[in-house]
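Given only the sequences and the hints, what does the whole structure look like? Please build it.
Quick note, the sequences are listed as chains A and B, same order. Numbers 1 to 238, taken from this note's numbering, label the letters of the first sequence in order. Numbers 1 to 256, taken from this note's numbering, label the letters of the second sequence in order.
With a cut-off of at most 30 Å between alpha-carbon atoms, the simulated DSS-like pairs for lysine-lysine come out as follows: (1) B:Lys122 to A:Lys65; (2) B:Lys84 to A:Lys67; (3) B:Lys86 to A:Lys67; (4) A:Lys67 to B:Lys68; (5) B:Lys68 to A:Lys65; (6) B:Lys86 to A:Lys129; (7) B:Lys145 to A:Lys160; (8) B:Lys122 to B:Lys139; (9) B:Lys68 to B:Lys229; (10) B:Lys16 to B:Lys139; (11) B:Lys68 to A:Lys129; (12) B:Lys122 to A:Lys129.
Quick caveat, the hints were computed from the structure, so don't treat them as lab data.
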Amino acid sequence: MPCTGFADGSAFFKGGLKVPYDFSIVVDKFPIFLPAAIETLKITGASLVFGIIVGLIAALGRISKFKLFYYPSTFYVTVIRGTPILLQLFIVYYGLANIIRLDPFPSAVIAFGTHNGAYIAEIFRGAIKSIDIGQTEAARSLGMTRFQAMRRIILPQALKRAVPPLGNQFIIATKDSSLASTIAVRELLLKSQQLGSSTFNTMEYLIIAGIYYLIMTTVLGYFVHRLERRLAISDRAG
Amino acid sequence: MTGRGEYAVNKRSERKMVEVKGLNMSFGSLEVLRDINLSVAEGEVVVIIGPSGSGKSTLLRCINFLEKSRLGEIYIDGRLVERKEKTINTMRQDVGMVFQHFNLFPHMTVLQNVIEGPTQVKGMSKGEAVQLAESLLAKVGLQDKRDEYPAMLSGGQKQRVAIARALAMQPQVMLFDEPTSALDPELVGEVLGVMKELAREGMTMLVVTHEMGFAREVADRVVFMDDTKIIEEGTPEELFNNPQNERTQAFLSKIF
Ligand SMILES: Nc1ncnc2c1ncn2[C@@H]1O[C@H](COP(=O)(O)OP(=O)(O)OP(=O)(O)O)[C@@H](O)[C@H]1O
Ligand SMILES: [Mg+2]
Numbered sequence: 001m002p003c004t005g006f007a008d009g010s011a012f013f014k015g016g017l018k019v020p021y022d023f024s025i026v027v028d029k030f031p032i033f034l035p036a037a038i039e040t041l042k043i044t045g046a047s048l049v050f051g052i053i054v055g056l057i058a059a060l061g062r063i064s065k066f067k068l069f070y071y072p073s074t075f076y077v078t079v080i081r082g083t084p085i086l087l088q089l090f091i092v093y094y095g096l097a098n099i100i101r102l103d104p105f106p107s108a109v110i111a112f113g114t115h116n117g118a119y120i121a122e123i124f125r126g127a128i129k130s131i132d133i134g135q136t137e138a139a140r141s142l143g144m145t146r147f148q149a150m151r152r153i154i155l156p157q158a159l160k161r162a163v164p165p166l167g168n169q170f171i172i173a174t175k176d177s178s179l180a181s182t183i184a185v186r187e188l189l190l191k192s193q194q195l196g197s198s199t200f201n202t203m204e205y206l207i208i209a210g211i212y213y214l215i216m217t218t219v220l221g222y223f224v225h226r227l228e229r230r231l232a233i234s235d236r237a238g
Numbered sequence: 001m002t003g004r005g006e007y008a009v010n011k012r013s014e015r016k017m018v019e020v021k022g023l024n025m026s027f028g029s030l031e032v033l034r035d036i037n038l039s040v041a042e043g044e045v046v047v048i049i050g051p052s053g054s055g056k057s058t059l060l061r062c063i064n065f066l067e068k069s070r071l072g073e074i075y076i077d078g079r080l081v082e083r084k085e086k087t088i089n090t091m092r093q094d095v096g097m098v099f100q101h102f103n104l105f106p107h108m109t110v111l112q113n114v115i116e117g118p119t120q121v122k123g124m125s126k127g128e129a130v131q132l133a134e135s136l137l138a139k140v141g142l143q144d145k146r147d148e149y150p151a152m153l154s155g156g157q158k159q160r161v162a163i164a165r166a167l168a169m170q171p172q173v174m175l176f177d178e179p180t181s182a183l184d185p186e187l188v189g190e191v192l193g194v195m196k197e198l199a200r201e202g203m204t205m206l207v208v209t210h211e212m213g214f215a216r217e218v219a220d221r222v223v224f225m226d227d228t229k230i231i232e233e234g235t236p237e238e239l240f241n242n243p244q245n246e247r248t249q250a251f252l253s254k255i256f
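Structure, rendered in structure tokens:
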């Protein structure tokens, strides 16, 4: 049965307005959003994997003393962080169309992956720089190469320090994936807009999408928190 | 003054383990080392003393190229260390370094800290490295801490692990940069004890320290540095009891 008002049965606000929403739709239609939610997860997941790889490379570039590595990395981070994500998405989907016509899904993954990569690069760079110089010196004084010291000593500590800001970026990425609706990727926001405009229950369908996003970001936040605690084992003084 | 003879046994080798020739170093326009010449013979313990900022740490760091000197040459066991990444990495395997702030790897257990060098740099098998590490941890009195993380250890224990980690590379020389300066007074003794034991076993050591008791007891030679230069060097008796240079006299009168 439709629920059109307050719990006590009154269907009117104090001002005399009828509550114009049918929240039973939220419950009834919740399951049909599942495929769209999976699409959202796929875009987010793929663009984060992309972003982590690109981000790590760019972070190493940003701390490199080789100009051929440093300048392109810095250029990449500066351009991506200095322009809107929606513009980046349109450039990949519409702008590049003259050269290569990409489908909406790969366009979204490339645009969001590139976008997240720039932020993840700065997270990694900050984490690497935060590791005491004495760690590198101790590693090098054992005879390790620069690369060995980075891989064995610095990166493991830096990655651990990067977990909280990375978790934050993952949550932002999950929400930003909704922009893919603008190029017709069949993810959560597009789904709610399509159903909403055809039935006039716009709010109800937007709320369904919102609940899905909230569940995803909350679960993600929980796992990041757990990982943080697990990684803290070696820091715990007796 | 009694101990020195004991440590000086077998220390008359002519083989120079470390030789520093004409070393000059500056940070930007700040001159930090001026024409340093110093050598450490095989099995010899040389202690460097001097006021803060005189360049003691920088000298040690130049020897294993943690700082790149402007001018001068370093010889390790008679071989000139060329300023090439590969040569420097190879040289470092023979030169252990112990830092004031330990610099243990916090994400690794005590055992992992100690086997890291031999397994990663020398390609030693894990089993062999663990055996070596266990004997070294026993030597520094920490075999029961092998599976702890550094965060669980006291400063003195951390520094002893750091010594074991450096020894695991089976170096020919050990450099110590104020190894006890970051320790609570009651923990200094355990670290100095390990160092004395090393000296007794004939390890070649170059030690920067403010522990004058250690210098008197263990050093074969004491080097006094002040304001970028080596001012004076000699046996502990010579330097402590009969300093020639007035700067040495001024420094010693301040600390004793
Ligand atoms: N990385 C650096 N950049 C610039 N100046 C430096 C650097 N490291 C050391 N110095 C300067 O070089 C001089 C010598 O420093 P060094 O650390 O070698 O002295 P020290 O004899 O070890 O002193 P202390 O007893 O305080 O450890 C000091 O004036 C110091 O400020
Ligand atoms: Mg110093």
